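Heads up: the protein sequence lines correspond to chains Z and P, in order. For the first sequence, position 66 matches number 66 in the numbering used here, and the numbering has no gaps at all. For the second sequence, position 176 matches number 176 in the numbering used here, and the numbering has no gaps at all.
No lab work stands behind these hints, which were simulated from the structure alone. Fair warning: there could be bad hints in the mix.
Below, computed lysine to aspartate or glutamate pairings styled on DMTMM-like, alpha-carbon distance capped at 20 Å [unchecked claim]: (1) Z:Lys200 x Z:Glu64; (2) Z:Lys200 x P:Asp194; (3) P:Lys200 x Z:Glu191; (4) P:Lys200 x Z:Glu64; (5) P:Lys200 x Z:Glu116; (6) P:Lys204 x Z:Glu195; (7) P:Lys204 x Z:Asp194.
Source: prediction; values computed, not measured.
Protein chains: 2
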Amino acid sequence: MARVTADISVSLDGFVTGPDDSPAVPLGHDGERLHRWIYNLSTWRARVGLDGGEASRDAEILEEGFATVGAHVIGRRMYDHGEKPWGDEPPFHLPVFVVTHESRPVLRRSGGTRFEFVTGGVAAAVSQALIAAGGRDVSVLGGASVLRQCLRAGLLDEVTLHVVPVLMGDGQRLFDRVSGGPRELPVTRVEHSDEVVHLKLDPKAVSPPR
Amino acid sequence: MARVTADISVSLDGFVTGPDDSPAVPLGHDGERLHRWIYNLSTWRARVGLDGGEASRDAEILEEGFATVGAHVIGRRMYDHGEKPWGDEPPFHLPVFVVTHESRPVLRRSGGTRFEFVTGGVAAAVSQALIAAGGRDVSVLGGASVLRQCLRAGLLDEVTLHVVPVLMGDGQRLFDRVSGGPRELPVTRVEHSDEVVHLKLDPKAVSPPR
């Protein structure tokens, strides 16, 4: 059965961007640091049309996150900030459902990427993505707000945190303060390189009653 | 040469206590969840005078954090909140230097624990602890504020985060927002069990110039 997964890179201090992210500074100041582990991987380079790169375990793990996927879900802020850097041929090559408050027509890009704008919330976006994926998995790529909303709504089958060994100091936090007590998120797999620690988590685990 | 290490248990969302910690609720509501991985380990039980428990890899890793140590440093808040639960024979069995603003006489407890109150800040506390340790290591046990102060002051040779796979939702954060841009904290070792992911970090690594 198709699964809904989420992947996000996060600093040791819990930030998914540097400070002051904006369309002009998409990942915030020094925010590229959080994605540095990706840029030289062979599997990433292939996605953006480049040869070479490192064929490491990190490259395999990155590709795992894409291999079974038929559609993506992202937030409006991530879309706004990514639109320019992704250019005319975005690295997705799949339908991408953007969770937004503002209705917009579908936007088709080269290489198979198609942005669809969903105003009905994260559950609607995930549903539409599952249909578009036609039996393949749906991958939620962030930002933090959409990932949190999907997690709270019980929409995710797996979350992978790519923990980057750096203190960013400031930026968008992956996790907000919320009420309601502890929620278990068991670790199902841990792998690491010098660049990043991959934590695979099971959000379907049931927290014991309090 | 004697090293200065720090160990702290932290949730996936970056909290070292549950919400509303106080002397009456020392770790905050549900905060014991963050230390659950410790309580049944053979090495922990031996420290608190009990037989049995699990002789697992977690038990060995916990003991590593104590085996070479000659003195501890803790914060005043941790002291205030721990005083009652630790009881007449605290689990340290060593001199413990408490970073505080209030001068107090030395407090001796059974089993070799001696609390000394240091009003000169974290660097003074670490210096006094190094002297008391007589060539053995100094271990900083928290809370979050003292750990952050030691990290910023460049006093630590190793930091171990024991990441507990739970979202606490609220509590004391391990890391605050700070300015000054990214700080590298390379991972030197990763081990994990079902209960906890141990991340050993090298705070002496030099961040590249910005």
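Now the hints, each set against the structure:
1. With a C-alpha separation of about 12 Å, the suggested pair Z:Lys200 and Z:Glu64 falls inside the 20 Å cut-off, and the hint holds.
2. Taking the CA atoms of Z:Lys200 and P:Asp194, the gap is about 12 Å. The hint holds against a cut of 20 Å.
3. Under the criterion of a C-alpha separation no larger than 20 Å, the hint pairing P:Lys200 with Z:Glu191 is consistent with the structure, at around 14 Å.
4. For the suggested pair P:Lys200 and Z:Glu64, the alpha carbons sit about 26 Å apart, so the restraint of at most 20 Å is broken.
5. About 42 Å separates the Cα atoms of P:Lys200 and Z:Glu116, which puts this hinted pair outside 20 Å; it is violated.
6. Restraint check: the Cα-Cα separation between P:Lys204 and Z:Glu195 comes to about 17 Å, which is no more than 20 Å; the hinted pair holds.
7. As the CA atoms of P:Lys204 and Z:Asp194 are separated by approximately 15 Å, the hinted pair is consistent with the 20 Å bound.
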